[in-house]
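Enquirer: Line by line, the protein sequences are chains V and W.
In this text, residue positions in the first sequence follow numbering that gives the first Met the number 0: the first is 0, and each later residue adds one.
In this text, residue positions in the second sequence follow numbering that gives the first Met the number 0: the first is 0, and each later residue adds one.
A portion of the hints provided could be inaccurate.
Unchecked claim - To be clear about the criterion: a stretch of chain V counts as covered by chain W if any three or more of its residues have a C-beta under 8 Å from a C-beta of chain W, and this derived list gives those stretches:
| # | stretch |
| --- | --- |
| 1 | 38-51 |
| 2 | 142-156 |
Stated by the list, open to error - The list that follows gives simulated cross-link-like pairs (lysine-lysine, PhoX-like), each with its CA atoms no further than 20 Å apart:
| # | chain 1 | residue 1 | chain 2 | residue 2 |
| --- | --- | --- | --- | --- |
| 3 | W | K56 | W | K78 |
| 4 | W | K5 | W | K202 |
| 5 | V | K117 | W | K271 |
| 6 | W | K281 | W | K271 |
| 7 | W | K267 | W | K280 |
| 8 | W | K56 | V | K117 |
Please keep in mind that the hints were generated in silico from the structure rather than gathered at the bench.
All residues carry an ideal CB built from backbone N, CA and C; glycine is no exception.
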Amino acid sequence: MPIKSIRQAINETLKNEMRRDSTIVVIGEDVAGGAGSDGIDDAAGGVFGVTKGLVGEFGRERVIDTPITEAGFIGMAAGAACTGLRPVVELMFVDFIGVCFDQVFNQTAKFRYMFGGKSETPLVIRSMVGAGIGAAAQHSHMLHPLLASVPGLKVALPSNAYDAKGLLLTAIRDNDPVIFLEHKLLYDMKCEVPDEDYLIPFGQAAFTREGDDITLVSMSNMVLNCNQVADNLAKDGINADVIDLRTVSPIDEGAVLESVEVSGRLLIVDEASERCSMASEISSIVAEKAFKSLRAPIAKVTAPHTPVPFTPTLEKLYVPSVERIEQAARMTLEA
Amino acid sequence: MALQEKDLLRAYRLMSTIRQFESRVDTEFQQGNIPGFVHDYSGQEAVATGACMHLTKDDYVGSTHRGHGHCIAKGCDIKGMMAEIMGRSTGLCRGKGGSMHIADINQGMLGANAIVGGAPPLAIGAALSAKTLGTKNVSLSFTGDGGSNQGTVFESMNLAVVLQLPTIFMFENNGYGEHTAAKYAVGSGDIAGRAAGFGMPAKRVDGLDFFAVYDAVGEAVERARSGGGPSAIEASAVRFGGHFIGDPQLYRGEGEHERNRRDNDCIKIFSKKVISEKMLKKSQLNSVDKEIAQLIDTAVEEGLSAPWPSAEELLTDVYSNY
C-alpha cells in the first residue's frame, strides 16, 4: 500500500473530490497564491503547501484566492454552501476564528435549525491548529473545545494520514458544516493510505493501542504522545487502550465508556487549555456514566490556562509532553 | 423597462401586503399573540418592492432583522410567515426561527438576519454559486444605514468587486440605526459614496419613490446578470415605527412622526401618481386592499389556531445527521 503524508493525503483527497464533483470549490487566502502578481501562479498552494497544484488543474474559478478578510470569505462560503456549492474553505490558522466567528457560530451553524430543517450547509472549514513551531499566541491555539461546544457544527481532527483522508472525504460529502482541524506538526507524518476512496464515519473513535490496564483518551497530535506512553508502559507489562477520538463533535462516548468499564482507570490528554476542554468533557461523561467502574480518580494532562508562549523553552512546557503523560499514567495506575 | 398595468398592480399588491401585514403584526403583538420582539418594516415598502420585482424565484435575497417586507416582496407565503412569527409549527421555519430569522431557501430567501450586517457575506456567497454554476442568477442583500458601518459589509463589497460577483448591495437608509441617527453614525454620511470607493457603480435614489428604486435596481440587476459585476444602491427611506414594536421613539423630533405619515408615505406617493397619471384606477387599488385584508385575516386566524411545535421539535433540525 502507498505511504503518504497527511499533507499528501489531504491534497489528493481534495483533488479527487474536485474531479468527482464540480460543485466543490476551494476558497481561502493564498490557497493558490500569486494572484495579480508578476511571479508564478500557484506561488503558495496554501502556506504549508496543502493545496498545491489545485489551481493548475481546476483553475481560479474553483480555487479562489481571497483578500485577507476572513469574515467576508467564510460568510461568502456559507452563503455559497446554502445555494448549490460545496465549498472547502481554508481558515489559515484557527486563531483567526476570532475575526469570523460570527459567520461560523451565528450564521453557518444555526441555519438549519433557524430555518426549520429546510436548508443544508455542506461547508468544510479546514484550519490549522496547535503549538510546537514557535508560532506564538495568535497562531498556535487549539480551539477544538470551543468549536465542539457549538450546536450545528461537527469537528474532526485527524492524527494520521489514513484518518485525514477518510475523515476529509466524510466531511466533504456531509451536508452539515464541518470544522476540519489539521495539526501543523503532523503534516509530514506518513502512513499507509489506500488510493481508493473510503469514508470514516464521524463519532467513531479509533483504538491506536489496545490493553486492559488503563485508558488513554486523546486526539490530534496528542495521540502520538499517548502511543509513545503506551509503548513505554508495555515494556513494564502494562497494557493501555489508546483512544483517538478523531471527531470531538460528535463524540464516541461508547468507545470511551467500554474501555473504562474494563480498565477502571482513565487519563485524558488534550493540547487545549484545561478549562472547558475535551479533557473536562470526557471526564464529565465518564464520571456520570461509568463512575462505578472507576478504580482511580480520573486524570487529565492538558495545556495550562495561558496563551501559547513564544519562546521554545516555555512552549515546550506548555504542550503535554510524553514525560508528563507517562507520569500521570503511572500515578493513575498506582492510585 | 416600461411598467405595464399588471406590473403596477403587482407592485401595489406587494406594498399593500407589506403595510397591512406589518400593521396586523403590530396589533397581534400588542395583544400578546406574538412572542419575542418584532421590527416593523412599515414605511419602506417601495424599497423592498422596487428591488425584488426584478428578481426571479431562483435569485437570492439576504435580509435584515427588519425582514418581513423583504420576505413578502420575494414571494414568501403570507400564512407561513404569520404562523412563523407566532411561533407555530405551520410556520415557514416550523416556529424555530421567528420574526428575525424568517427564511425560505426554496423561495430564494436566505433569511432575515438578526446580526446587523449579516446579509452581505451570505448574499455574495449565493452570487458565487450563481457565477460558478453558470446559472445567470443574481443575489441582492438588504442592509440598513446601521449595517452599512459593519466590517462584514465592507469586506463583502471588496470581495464582490475582486471576484466580480453578480450581486447588488441595497442599502436602506431609514435615518436611524436603532435609536441613533444615521447622520451621526455614518461617518461620511454617504453610503453610496463609500460603496463606490470599493470600485463598483453606486447610486443614491429616493426610496419613497417606487419608480426610482425600480429603475435603479433594474439597471443593477441587468449589469449583474450580464456579467458586469456588483453594484450598490442607497435608498433613502422612512421608518414609520420605532426600532422595534413598543419603542417609545424618544429620539424623534417634534412632529416628525406625523410629518412622515402625512408627507413621506411611499404608498400614498405611489397611489397618487398612478391615479393622477391614469395608470391605475382608485377602484383597482381598493379592491387589492380588500383582497389583501382578507388574506391577512385568514393568515392570523390560521396562525392562532395552528398547533405549537411538539416537544420533540426542540431536538430536531440541528444536523442533517449526527
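Enquirer: The structure should be examined with respect to each hint, and the outcome stated for every one.
Expert: Each hint, compared with the structure:
With 0 residues bearing a CB less than 8 Å from a CB of chain W, the stretch 38-51 of chain V misses the requirement of three and the coverage assertion fails. Counting residues of the stretch 142-156 of chain V whose CB lies closer than 8 Å to any CB of chain W gives 3, which reaches the minimum of 3, so the coverage claim holds. The hinted pair formed by K56/W and K78/W meets the criterion: a straight-line CA distance of about 18 Å does not exceed 20 Å. Proximity of K5/W to K202/W is assessed by CA-CA distance (about 27 Å); at most 20 Å being required, the pair is judged violated.
Among the hinted pairs, K117/V with K271/W is inconsistent with the structure: their alpha-carbon atoms are about 41 Å apart, more than 20 Å. Straight-line distance between C-alpha atoms of K281/W and K271/W comes to about 9 Å, which keeps the hinted pair within the 20 Å bound. Between K267/W and K280/W, the direct Cα distance comes to roughly 14 Å. Compliance with the 20 Å bound is thereby established for this hinted pair. The hinted pair formed by K56/W and K117/V meets the criterion: a straight-line CA distance of about 16 Å does not exceed 20 Å.
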